[in-house]
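Undergrad: Spelled out from the first residue to the last, the chains are:
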Amino acid sequence: MKAFRNREYRLWIVTALLLAGIGMGTAGSALAAGQDYPGKTMLMIAPSKPGSGFDTTMRAVVTALTQEKLVQVPMTVMNMAGSVPGTAQIVLRYSNDPNMIAVMSTTGSLNYATGLSPYYHKDWRPIARLISAYYGIFVRQDSPYKTLGDLIKDLKSNPGGTPLSGGYSDDRLCYGALFSKAGIDITKINYAAFAGGVESAGVVLEGSAKALVSTIDDVMGLLESKQLRLLAVSPGKRMEGPLLKDIPTFREAGVDVEWDNFRYILGGKGMPDHAVKYWRETLGKMVKTPTWQDMIKKYRWGDSFLAEGIDKFLDEKQVVITDVVKKLGMDKKQKK
Amino acid sequence: MDLWANISLGFSQAISLQNLAYCFIGALYGTVIGVLPGIGPLVGISILLQVQDEQDDVSAVVMLAGIYYGSAYGGSTTSILVNTPGESSAVVTCFDGYQMAVQGRAKAALATAAIGSFFAGTLATVAIMLLAMPIARLGIKFTPAEYFSLLLLALTMVSTLATESPVKGLFTTLVGLLLATVGMDLQTGRVRFAFGSHWLIEGVDFIVVAIGLFAISEVLVQAERIQKYGLQKREQISGHYWITMQELKQSFLPYVRGTVIGFLVGVLPGAGSTPATFFSYAVEKKSSKHPEQFGKGAIEGVAGPEAANNAANQGALVPLLTLGIPGSATTAVMLGAFMIYGIQPGPLLFEKDPAFVWTIIASMYIGNVILLILNLPLVNVFAKLLDLPAALLFSMVLTFCTMGVYSIRFAVFDVFLMIIFGIVGYFMRKHDYPAAPLLLALVLGEMMEQGLRRALTLSNGDWTVFVTRPISLGLLSVTVLSMSYSVIKYLRGKKRQA
Chain P
1 MKAFRNREYR LWIVTALLLA GIGMGTAGSA LAAGQDYPGK TMLMIAPSKP GSGFDTTMRA
61 VVTALTQEKL VQVPMTVMNM AGSVPGTAQI VLRYSNDPNM IAVMSTTGSL NYATGLSPYY
121 HKDWRPIARL ISAYYGIFVR QDSPYKTLGD LIKDLKSNPG GTPLSGGYSD DRLCYGALFS
181 KAGIDITKIN YAAFAGGVES AGVVLEGSAK ALVSTIDDVM GLLESKQLRL LAVSPGKRME
241 GPLLKDIPTF REAGVDVEWD NFRYILGGKG MPDHAVKYWR ETLGKMVKTP TWQDMIKKYR
301 WGDSFLAEGI DKFLDEKQVV ITDVVKKLGM DKKQKK
Chain L
1001 MDLWANISLG FSQAISLQNL AYCFIGALYG TVIGVLPGIG PLVGISILLQ VQDEQDDVSA
1061 VVMLAGIYYG SAYGGSTTSI LVNTPGESSA VVTCFDGYQM AVQGRAKAAL ATAAIGSFFA
1121 GTLATVAIML LAMPIARLGI KFTPAEYFSL LLLALTMVST LATESPVKGL FTTLVGLLLA
1181 TVGMDLQTGR VRFAFGSHWL IEGVDFIVVA IGLFAISEVL VQAERIQKYG LQKREQISGH
1241 YWITMQELKQ SFLPYVRGTV IGFLVGVLPG AGSTPATFFS YAVEKKSSKH PEQFGKGAIE
1301 GVAGPEAANN AANQGALVPL LTLGIPGSAT TAVMLGAFMI YGIQPGPLLF EKDPAFVWTI
1361 IASMYIGNVI LLILNLPLVN VFAKLLDLPA ALLFSMVLTF CTMGVYSIRF AVFDVFLMII
1421 FGIVGYFMRK HDYPAAPLLL ALVLGEMMEQ GLRRALTLSN GDWTVFVTRP ISLGLLSVTV
1481 LSMSYSVIKY LRGKKRQA
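Read top to bottom, the protein sequences are chains P and L. The first sequence maps to residues 1 to 336 in the working numbering. The second sequence maps to residues 1001 to 1498 in the working numbering.
For the record, the hints were derived by calculation from the structure and aren't laboratory data. Careful, some of the hints might be misleading.
[To be verified] Okay, derived cross-link-like pairs now, PhoX-like style, lysine-lysine, Cα gap no bigger than 25 angstroms in a straight line: (1) LYS317(P) with LYS327(P); (2) LYS122(P) with LYS312(P); (3) LYS226(P) with LYS1352(L); (4) LYS156(P) with LYS326(P); (5) LYS69(P) with LYS297(P); (6) LYS237(P) with LYS297(P); (7) LYS1352(L) with LYS298(P); (8) LYS245(P) with LYS1141(L); (9) LYS245(P) with LYS298(P); (10) LYS226(P) with LYS297(P); (11) LYS1141(L) with LYS226(P); (12) LYS312(P) with LYS298(P); (13) LYS269(P) with LYS317(P); (14) LYS1352(L) with LYS297(P); (15) LYS327(P) with LYS156(P).
Generate the whole structure from the sequences, applying the supplied hints.
TA: See below:
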């Protein structure tokens, strides 16, 4: 009899504990819906390989947020190789997960414009633009081209004999925007596409390609050592630094274009407003911290924080990028 | 002389207790990630980038370098023991390494891999020290036209290796080339043969196919054996032999040739260590007096490629340090790491930051010694794994392969792909279709195609570019010679049989 009572007693305790647990759990999730966000681990998706631009950006964000103690929950960076499968996963798997954020760039708009990806910025929730990288047109030190105009002249008169090299993705967009605006039929230019800007530098150094399109930070080492020479840069105003301050912008060199590769943070389509607000505020604080400022200096990224108004920015960019893609002959309709 | 001043500066920095400790941790960690299938140096280094904020710059880079070359040691271990390549550059080691293990010579295979890695690692470091600049300049001469010719040579060498049936070798080469065309074409941005699946936009992952063809098919073969003969201990391997003097002697020339080939291929940006291992294997088989033993446990088939792998890894640092051009995905991560520490690799690095460069170089010597000391005793530990019952061992292989392949990009798709290639590999084995040409064609196909396209883009569609450039012409001539030699040999063999 005593043994039975004992067991019953124990059962009561367990039941009470269970009840308390359920109560706490419910209260916890109720809190999580509001002021307690993020409340649990954040998943930070970098839809590319380790070491890629997306990956470095996301890891820089995590480092800054952790060191400046701006976010208290653990943050896990997850690499999902490939921007197209990556964005597809973000849309299909994480649209309603408020604890996922990811990084995207011009590449996302490019993939949509070429028809590679069915998804674009309206299929997720853009939070804030963080950084921009600027492009340059480079030639070998001993090249006869002294200005961007010289190069454009040759591209017009002899497009076949003036091959260029550059990255296959965002570099090519800058190339298309610049030279189509200069009045050249860009489908006639020979553009050898490589994995990225720095990988395409070899053929310019060797002499097979006459000029290189690349983000400036990618080939800074070759610029510093005077193996490459910079003809013009892509931002709206002149850049800073001893090697860059005397270089004309595209516009100054006579072509009315400004271009950049922007990277921004996004959430799932179903991310609640309070979470978007949380991240805009947190990232807004982060970009002002010394850790972040120090890091973007080391990576030579341009600070271009933009939170409110990013939707409008992306809308406008999509139009421009779709137009360039058409001129490059890379849009869906021109599929042969 | 300047060199001695520099190298003693490097050693004085690298030998500090702190740097030695970081070098050791890096080497150990590198060995471990090298052993695990699917998790390569790329992932290992980038995970580590997150956690190292407290150390000073030099220690951090010493540790990264340790991981980098440490993983080149570890990759071969599972290739030899259970036919499971730890990374793509360890695929070739499966050919003869696993056969050696089956014959009870696992320890000899593991030992020759470790010693070969040490030999090549050390020699290649000397080469970096003395020749970095001139070699980097030579590397620039390699334009897309030369890449195409070089890769064509590599492909013909390996596909003619299947001496028993050239047509089977040719067939699997073409299957590999076809698989290589899956995915996005960089020149047009168009996607081919993806059949609407976004997972195929990036192409078919080499390591997924390799793990399928080797590890999964081996699991199937073992399962079949257990089915037939019952669940028993793996046939007791006739003693565990340590490497003999004779075997070391046999390994020596392959070490030397592997180191030279590996270093030269590694220096070319974008080539990477995997083609270097295939190249070395082909050269060993061609120059061997007993080519028929290759694929059946020839120690030269382990020694050469392992040396080539390590030398290529070191070689890939040359364009990174001297030009700031990363030669491989892993060196691209290293480039990112350098930038975090405010170091700009490029032609000026040796002048601007000699302490940094020479400390890394000095740490490579130390790291290679540490790795040899670390890996030789591990040979005994790893060889013990073979005493496990086959059912247990190969269940573990299956588990690790699935986890490793899934972790590449969190895609169940890749796991299915691995299983499909496992089944294909099983039937290929049953019917004697060689897997090596398929894998080589897959790894080289994309580079070769892009080389061809880029060369023609740059020459404005002029095909003569392949024969007017001297290096390309030379490589093409060797290709023609090597192919006609194989054909003549084959025809003579036929005549003799008839």
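Undergrad: For each hint, tell me whether it holds in the structure or not.
TA: Here's how the hints hold up against the structure:
Between LYS317(P) and LYS327(P) the alpha-carbon distance is near 15 angstroms, which keeps this suggested pair within the 25 angstroms criterion. Simply put, LYS122(P) and LYS312(P) have alpha-carbon atoms about 11 angstroms apart, close enough for the 25 angstroms limit, and the pair holds. For the suggested pair LYS226(P) and LYS1352(L), the alpha carbons sit about 14 angstroms apart, so the restraint of at most 25 angstroms is met. This hinted pair checks out: LYS156(P) and LYS326(P) have alpha carbons roughly 20 angstroms apart, not beyond 25 angstroms.
This hinted pair checks out: LYS69(P) and LYS297(P) have alpha carbons roughly 21 angstroms apart, not beyond 25 angstroms. Of the pairs offered as hints, the one joining LYS237(P) and LYS297(P) holds, with about 18 angstroms between alpha carbons and a cut-off of 25 angstroms not exceeded. Pair hint LYS1352(L) plus LYS298(P) holds up; C-alpha atoms about 17 angstroms apart against a cutoff of 25 angstroms. Simply put, LYS245(P) and LYS1141(L) have alpha-carbon atoms about 32 angstroms apart, too far for the 25 angstroms limit, and the pair is violated.
For the proposed pair LYS245(P) and LYS298(P), the alpha carbon gap of about 18 angstroms is at most 25 angstroms, so the pair holds. Between LYS226(P) and LYS297(P) the CA atoms are separated by roughly 21 angstroms; this keeps the pair inside 25 angstroms, and the hint holds. With a C-alpha separation of about 18 angstroms, the suggested pair LYS1141(L) and LYS226(P) falls inside the 25 angstroms cut-off, and the hint holds. Pair hint LYS312(P) plus LYS298(P) does not hold up; C-alpha atoms about 30 angstroms apart against a cutoff of 25 angstroms.
For the hint linking LYS269(P) to LYS317(P), the alpha-carbon distance of about 19 angstroms falls within 25 angstroms, and the restraint holds. For the proposed pair LYS1352(L) and LYS297(P), the alpha carbon gap of about 19 angstroms is at most 25 angstroms, so the pair holds. Proximity of LYS327(P) to LYS156(P) is assessed by CA-CA distance (about 16 angstroms); at most 25 angstroms being required, the pair is judged to hold.
Of the numbered hints given earlier, the model fails hints 8, 12; all others are met.
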